[in-house]
Amino acid sequence: MKHLTIDLRPAPFSVVRLPADAAVPAELLEPGEPALVSVTRTPDELSVICPTGREPEGGTVEDGWRLFTVRGPLAFTLTGIISALASELAAAGVALFSLSTFDTDHILVRSDDLDRAVAAFREAGHEVLLPA
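One rule links them: number in the numbering used here = place in the sequence shown (from 1) + 167.
Derived by calculation from the structure, the hints in this document are not laboratory data. Keep in mind that this is a model prediction, so the values were computed, not measured. Please note that the accuracy of each hint is not assured.
As the list claims (entries may be wrong) - Below, simulated EDC-like cross-link-like pairs (lysine to aspartate or glutamate); rule was C-alpha separation at most 20 angstroms, straight line:
hint	residue 1	residue 2
1	Lys169	Asp270
2	Lys169	Glu294
3	Lys169	Asp272
4	Lys169	Glu290
Unchecked claim - What follows is a set of in silico ranges between Cβ atoms, one per label pair, in the way DEER data are often shown:
hint	residue 1	residue 2	range
5	Gly225	Phe264	14 to 24 angstroms
6	Glu194	Lys169	11 to 21 angstroms
7	Ile249	Asp279	17 to 27 angstroms
8	Pro186	Gly292	38 to 48 angstroms
9	Asp279	Ala202	17 to 27 angstroms
10	Asp211	Glu290	35 to 45 angstroms
11	Glu197	Arg289	29 to 39 angstroms
12	Ser265	Thr219	12 to 22 angstroms
13	Glu197	Ser254	16 to 26 angstroms
14	Leu296	Pro186	32 to 42 angstroms
15	Ala253	Glu224	27 to 37 angstroms
16	Asp270	Ala178	13 to 23 angstroms
17	His170	Pro198	29 to 39 angstroms
Virtual Cβ for every residue (Gly too), placed ideally from N, Cα, C.
The whole structure should be built from the sequences, with the hints applied where relevant.
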């Protein structure tokens, strides 16, 4: 596995489950916000990942997540990045929530597991950059 540079984002994140027929929370998608926001609709739910404190109303909120972002862009031909990172976290007993964008991969871990996640990534040879 290639050694990666992984940025830890400074703010906590929340994962929100809304009803499948809920409107997409447009206020979260306004340009200019530097943090990650992800909205995914399935037949069963509308899931939102957003900075804590900006959660849309009416959903089930799981807060207390911290976000790691793999420095990209990553080529679509690369394989096994999420698998390797997930294995490293699993060996350290850290659960994860992952998502990918066009340019890169992101992993959320519980705040309580943050130190173990950083240590696991570093022990695997990755560079983990903490917020200033």
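Checklist entry - Taking 20 angstroms as the top limit, are the C-alpha atoms of Lys169 and Glu294 close enough? => result Roughly 11 angstroms between the alpha carbons, so the hint for Lys169 and Glu294 holds.
Checklist entry - Going straight from one Cα to the other, do Lys169 and Glu290 come out at no more than 20 angstroms? => result Roughly 13 angstroms between the alpha carbons, so the hint for Lys169 and Glu290 holds.
Checklist entry - Are the Cα atoms of Lys169 and Asp270 separated by 20 angstroms or less? => result Answer holds: Lys169 to Asp270 is near 17 angstroms, not above 20 angstroms.
Item to check | Outcome of range test on Cβ distance (Asp211, Glu290; 35 to 45 angstroms) | outcome: Hint holds: Cβ distance 37 angstroms, inside 35 to 45 angstroms.
Next on the checklist: 13 to 23 angstroms was suggested as the range; check whether the CB atoms of Asp270 and Ala178 agree with it.
Outcome noted: 20 angstroms, holds
Checklist entry - Between His170 and Pro198, does the C-beta distance stay in 29 to 39 angstroms? => result 33 angstroms, holds
Item to check | Cβ distance range 16 to 26 angstroms for Glu197 and Ser254, holds or violated | outcome: 37 angstroms, violated
Next on the checklist: Taking the Cβ atom of Glu194 and the Cβ atom of Lys169, is their distance within the range 11 to 21 angstroms?
Outcome noted: Since Glu194 and Lys169 have Cβ atoms about 38 angstroms apart, the given range 11 to 21 angstroms is violated.
Next on the checklist: Assuming the hint says 12 to 22 angstroms, is it satisfied by the Cβ distance from Ser265 to Thr219 or not?
Outcome noted: This hint holds: roughly 18 angstroms between Cβ atoms.
Next on the checklist: Against the range 14 to 24 angstroms, how does the distance between the Cβ atoms of Gly225 and Phe264 compare: consistent or not?
Outcome noted: This hint holds: roughly 21 angstroms between Cβ atoms.
Checklist entry - Honestly, do Ala253 and Glu224 meet the 27 to 37 angstroms range at C-beta? => result Roughly 32 angstroms apart at Cβ, these two residues keep to the hinted range, so it holds.
Checklist entry - Per the hint of 17 to 27 angstroms, is the separation of the Cβ atoms of Asp279 and Ala202 within bounds? => result Given a distance of about 21 angstroms, which is inside 17 to 27 angstroms, the answer is holds.
Hints 6 and 13 from the earlier list are contradicted by this structure; the remaining hints agree with it.
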